[in-house]
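Number of protein chains: 2
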Amino acid sequence: MGLSSVEAIDAKEMDYRSLSSSEHQQPPYMHKVGVPPKQNLFDEFKTTVKETLFSDDPLRPFKDQPRSRKFILGLQAVFPILDWGKSYNVSKFRGDVIAGLTIASLCIPQDIGYAKLANLAPQYGLYSSFVPPLVYAFMGSSRDIAIGPVAVVSLLLGSLLSSEIDPTTNPIEYRRLAFTATFFAGITQVTLGILRLGFLIDFLSHAAIVGFMGGAAITIALQQLKGFLGIKKFTKETDIISVMKSVCRSAQHGWNWPTILIGAIFLTLLLFAKYTGKKNKKLFWIPAIAPLFSVILSTFLIYITHAEKQGVEIVRHIEKGINPPSVKEIYFTGDYLLKGLRIGIVAGMIALTEAVAIGRSFAAKKDYQLDGNKEMVALGTMNVVGSMTSCYVTTGSFSRSAVNYMAGCQTAVSNIVMSIVVVLTLLFITPLFEYTPNAILSAIIISAVIGLVDYEATILIWKIDKFDFVACMGAFFGVVFASVEIGLIIAVSISFAKILLQVTRPRTALLGKIPRTNVYRNIQQYPEATQVPGVLIVRVDSAIYFSNSNYMRERILRWLTDEDEQLESVNQPKIQFLIVDMSPVTDIDTSGIHAFEELHRSLHKREVQLVLSNPGRVVIDKLHASDFMSQIGEDKIFLTVGDAVLTCSAKSPAEVV
Amino acid sequence: MGLSSVEAIDAKEMDYRSLSSSEHQQPPYMHKVGVPPKQNLFDEFKTTVKETLFSDDPLRPFKDQPRSRKFILGLQAVFPILDWGKSYNVSKFRGDVIAGLTIASLCIPQDIGYAKLANLAPQYGLYSSFVPPLVYAFMGSSRDIAIGPVAVVSLLLGSLLSSEIDPTTNPIEYRRLAFTATFFAGITQVTLGILRLGFLIDFLSHAAIVGFMGGAAITIALQQLKGFLGIKKFTKETDIISVMKSVCRSAQHGWNWPTILIGAIFLTLLLFAKYTGKKNKKLFWIPAIAPLFSVILSTFLIYITHAEKQGVEIVRHIEKGINPPSVKEIYFTGDYLLKGLRIGIVAGMIALTEAVAIGRSFAAKKDYQLDGNKEMVALGTMNVVGSMTSCYVTTGSFSRSAVNYMAGCQTAVSNIVMSIVVVLTLLFITPLFEYTPNAILSAIIISAVIGLVDYEATILIWKIDKFDFVACMGAFFGVVFASVEIGLIIAVSISFAKILLQVTRPRTALLGKIPRTNVYRNIQQYPEATQVPGVLIVRVDSAIYFSNSNYMRERILRWLTDEDEQLESVNQPKIQFLIVDMSPVTDIDTSGIHAFEELHRSLHKREVQLVLSNPGRVVIDKLHASDFMSQIGEDKIFLTVGDAVLTCSAKSPAEVV
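Which chain is which? The protein sequence lines are R and V, in order. Its first residue numbered 5, the first sequence is counted upward by one per residue in this note's numbering. Its first residue numbered 5, the second sequence is counted upward by one per residue in this note's numbering.
Treat the hints loosely; a few may be bogus.
When chains are identical, the list treats them as one kind, so a pair holds in a single copy or across two.
Within a straight-line C-alpha distance of at most 30 Å, the following computed DSSO-like cross-link-like pairs (lysine-lysine) qualify [stated by the list, open to error]:
hint: 1; residue 1: 640; residue 2: 343
hint: 2; residue 1: 249; residue 2: 237
hint: 3; residue 1: 332; residue 2: 236
hint: 4; residue 1: 36; residue 2: 240
hint: 5; residue 1: 578; residue 2: 67
hint: 6; residue 1: 467; residue 2: 54
hint: 7; residue 1: 90; residue 2: 74
hint: 8; residue 1: 370; residue 2: 640
hint: 9; residue 1: 609; residue 2: 283
hint: 10; residue 1: 369; residue 2: 470
hint: 11; residue 1: 369; residue 2: 286
hint: 12; residue 1: 313; residue 2: 249
hint: 13; residue 1: 285; residue 2: 370
hint: 14; residue 1: 50; residue 2: 470
hint: 15; residue 1: 609; residue 2: 285
Calculated directly from the structure, the hints in this document are not laboratory data. All values derive from a computational prediction rather than experimental measurement.
Chain R with its partners taken away, still in its complex shape:
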């Protein structure tokens, strides 16, 4: 505790026994405004960098440890499995096995469907549920996340890639570009993690994500109409108008009624299973195994009825065997390098957003800390490794992570179990999927993505913040009516516009005295608060920066003009003191100081005294550094609004209430 400040106040100290003492002319105790000890420039810089990039203090456990221990801690930091693996036991393993088997049964049909969304052959979806979950199990720190291909990223990737290469005419080049994009998505994620720029994904607001996800879910469901209605010629656009036109046009050529029948029956089944699981949390396993059950049942039905001869589209062929290496397929040179890089960055960021959002919400549920930057390194590594083993972009899946959590997963071992089941499927069972009807896969995808349309969250957003709602709807309609990319751009732009609006037009408030206290608060919030005659108290609710300093100055002067006009109309004396409550003003820059100087000058012309109350640590420092402190006088700065008012009204001829 700095001695100087303690000494500085000794002279003025008086016992502050009673608030009402001022009425008896007894001078009340007033504490001086603190000027913090001068900070070293380097220290200040270090603090800023630390709070910005290392706000989670990642090196904390390394402090004061011997070198060998540091090495082990470092290994554990990169591979958390070395840490939690030590306390792994049979009871945890039991939970993980059950959860792993459950998510495996859910992921196999989803994988095949999602691969089609990305315009890739079905086995690539299964490949992507083998290697990445294994890598994540060793490097990730979330205990609940289930890794694999997800609907939104598959759609995004498919849409971005096919605008570069046509997947039907050039499937090989298309696939190579997909691996290239996956590689760079991973590199983007690792880079963001290592440079500790993870906070960048915070710029996609919750509201924007809700809207984006909802829009993507609708778009994905619309895409499924192709398989669901058995349409042969389908649009390549993803917007609702193109899709609806496509559907109407094909209606004239006749839809495939056996396909629709099968799809409708199983979609009803799946949705009913989902409803059951929602009603009774203990029956969570019903919606989890319903997809695999539907696949088996429908495949068997087709096989015995040979409905494919009635035009029911079936999967036909899935390559048998595990992931072939694909390092050589990645474009490291040429035109496609840049295109892959661009697509990879976008897909990587969206994948990160989804994984981090899931990871955070489960970590909060079980109350463990998740290091966002470390997660990014883990997710990135898994995608880089994935791109070399025929996988496309993977991330944490909303639906499978929720099932994983409810099935009682304990650690990332459930991902390993799922991965093993997928390998066994690839090695032995894939030929059995030959007769699986595409309509079932469409039904499974529709029932999976329908949960992404979160209307309850949207209603809550509307209730809480109208601007957020605009961002949410902008993203939603952007995705549904234009494209995934345009929806994303709209979401990010509105989010940024909100930030800029906030810093350009901060709120100001008039303060009044709360009856029977010495506390001054916004008179709009506390209508019972009374203003002090001759004194106008304005609070500025933001840091004062170049972007708002002029507005702030003009706004304060306008409060003063308004008040004076009103006082004049009732023949009251004019305002003599303007108290600016600086409590919420956390920082001020040179433009802000200039604005205050101009304000001071304008007030001087009007014979109004400027008084400041409760400037914070940074602000008082800067007021001292500039000449402003001496311009208005140290004795015009008070610790609280109450102190300032007492002093002002003592000087003012007007009566004190």
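For chain R, the structure is supplied; the task is to place chain V on it using the hints.
Leaving out everything else, chain V in the frame of chain R:
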């Protein structure tokens, strides 16, 4: 004043006579946190739009006026001369004539020089000091600004235009593009004014402008080395390295010593005149007429010595007569339309920034209000009209406005006087400039721009805000070492980065009790403040938005962990209550509410009670709209930190200090 709130508190009201009463177990008076009356959605929206776009309340004088009066007020709003013209008198006219003659004598040599900076023939500089000042005099609301071409905008325009068209090989197309850019600069300014988007120029911070202006001044001075040293072959780049190479290379071919001699003598004279004017404010007219005096004297000297035969470059020819019309020269179609538009937008924004900065600072000196948006319409109209009468982009000039002010100008009539003098010059005197040496013009420009290098402001910026200093230096070195455009881009980017950093990493502070008061403040600022055992008080110094909600949550938990560790090391009981002081939290969005919900859940696991103090009007509204209020309980929200601490420590087994 709302009655309901007054009624609501009746039950709890107790006389709050003494702060120390709590020590005697007498329950202290605690005022409830106010929930403001519900605002109508449309009203809320209207208020936001009004504060954002119409914060200056432009329609205020029109209120409750008859229609005929409204028409006159409307005319006066567009042409302020109709308003102030009514009270114009002989004494004001005397001041304006003297000021007008003084700035005319300053502007004529500057105009010729600045036109060369923009790669235009000298008469275009004079043209630009005729029409635009006249238009401004009728429409502008600043009384002190002096309109005409300025150094920085001329340089910027010259540099942007010549990257499109070579001015030496295609002078006619170059000039046409210049008029096109001027036209669109004007359109940009009018549009910004009418759409009331004037606040956009606030995004160029004071610090960035200081750096940019300083860099531009250095660049302009470097460009003058061509005229000053009499170099024939000079680089077209503006960066310091290219210029210095050019200068060194030409040194081998021999500089023109008579040119250098004349230039040096007159530069010394000009700088001495400037110094005299600075020392004694009454002698302001000496630096004001020194340029014209130098021109006359040097022209006479060259005329009698015929030094041009020794290789001293002279002006040679200035077109006689007033501005020819140039509407037909503007490109309204074709490739150059878009290029002109792009250049016009940039030049128009920079011109605006300069004019508004000057207008504001003089308005503050004389305490009159300046309507930024109206100014933009005036400046824009003057440039649109100018582009049709052979003028290039004009704006308010720093140096001439300062002279105008010191010479005692009263109204914009001084601009009319200047304009008349320029016309007379164009009609009768231009042939006399034939023998004016270019070196004198260079000397005049150097002495004019040298004042733009504001090292005192730079030192102040360093003292006040290090981040501002980085923006300032970035802009300065960007302009000097790269180009004007790059300097601008750096300045804007750093300014934006600052805003983003502010909203991503807000400050937090631990609060303690100031001795002998009931006030809680940052313990870093007030080292004498004491923390309350078992209670941790954290203040969040920013609105809580999606961009910082996760950081905020993690930071608060880190404060708690740190504090608990420290308490454990001295065998003290753990923290039981976490009070979050929301005073500076002016707003919260859905992501912020989510973060609070997660924080509440994490604290619950640690058996720490979350308590909120002094949430503002908007925050309390949103806490109510979401479910969070009922999650933590209404009784966990207090008006002041003091109230919260009293309640917490009454429940806590730990002793109260």
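Looking at the structure, which of the earlier hints fail to hold? Of the numbered hints, 1, 3 and 4 do not hold.
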